[in-house]
Amino acid sequence: MNRPGPLRPVDAASVVLIDRRAGAFRVLMGKRSSRHVFMPEVYVFPGGRRDRSDSRVPVAAPLHQAAAEWLMRKTPSRTSEATVRGLGVAALRELHEEAGLAVGAAADNAAGGLPFRPDLSGLRFFARAITPPGQTRRFDTRFFALFADEARIDPDATQDSHELSDLQWIDPFGTSDLEMPIITVRVLEELGNRLRQDPSLPFGTQAALFSTRNGQIFRDML
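Heads up: the sequence shown runs through residues 378 to 599, numbered per my numbering.
Any given hint might turn out to be false.
Stated by the list, open to error - What follows is a set of in silico ranges between Cβ atoms, one per label pair, in the way DEER data are often shown: (1) I594 - V387: 18 to 24 Å; (2) D485 - L384: 35 to 41 Å; (3) S542 - P576: 27 to 33 Å; (4) N591 - R433: 38 to 44 Å; (5) A459 - T513: 27 to 33 Å; (6) G400 - A459: 38 to 44 Å; (7) Q536 - Q593: 35 to 41 Å; (8) T452 - F595: 17 to 23 Å; (9) D485 - N591: 49 to 55 Å.
Calculated directly from the structure, the hints in this document are not laboratory data.
Here the structure is a predicted model, which is why all the values come from computation and not from measurement.
For each residue, glycine too, the CB sits at the ideal point set by N, CA and C.
With these hints in hand, go ahead and build the complete structure from the sequences.
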């Protein structure tokens, strides 16, 4: 009897929302529900898998061209512009579902079950992480940074959800007592380093790729 092959990673997207009021930086994180099979009860950024319908959702504004181009790097040849756009939509859909924040233009009959048309223009693609084989779930996650002021959202308007609770803003440069997956720590460090280099987070900056080999996390560049 043939054994099943390793799980293939599923496309996913996560948004690192940044509050830069008062000359300081804070990023939004929340605690995953104990009901989650994958990484329960740890603190992460809002995010989740890309649904097929995400690629068909009408948007208020597309991804920045540089972000879209980096998202196409090291992907299967069948990856389309619609798939890449769907990653941006997934990031903002999850932010809305998990933290109650809508980034985009209000719409009464928006596709995909969203009450708004997502504005993808502020999403900065800066990191990608692939879950190693042997896990109960595997994801190919793209991480987007988003400034709250550019997105015209109020950082004080977050709302806990059944998927992500105890939402709080943390210092990306300091140490935290929150329990986080090691890959989340690495992505947070990546963001902190980029903010130190250029606080504006230019769209055209090359994204980092995190993968695991022989039990160790390696950082490469796309």
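Results of checking the hints against the structure:
1. Range check, I594 to V387: Cβ separation about 19 Å, and the 18 to 24 Å hint holds.
2. Between D485 and L384 the beta carbon distance is about 39 Å. The supplied range of 35 to 41 Å therefore holds.
3. Here the CB-CB span from S542 to P576 is close to 30 Å, well matched to the stated 27 to 33 Å.
4. For the hinted restraint 38 to 44 Å between N591 and R433, the CB-CB distance of approximately 40 Å keeps it satisfied.
5. Taken as a hint, the range 27 to 33 Å holds for the pair A459 and T513, whose Cβ atoms sit roughly 29 Å apart.
6. A C-beta distance of roughly 39 Å is found between G400 and A459, which places it inside the suggested range of 38 to 44 Å.
7. Judged by the Cβ atoms, the range 35 to 41 Å given for Q536 and Q593 holds: they are separated by roughly 38 Å.
8. Taking the beta carbon of each, T452 and F595 are about 19 Å apart, inside 17 to 23 Å as hinted.
9. Distance hint check for D485 and N591: the Cβ-Cβ separation is about 52 Å, which falls inside the suggested range of 49 to 55 Å.
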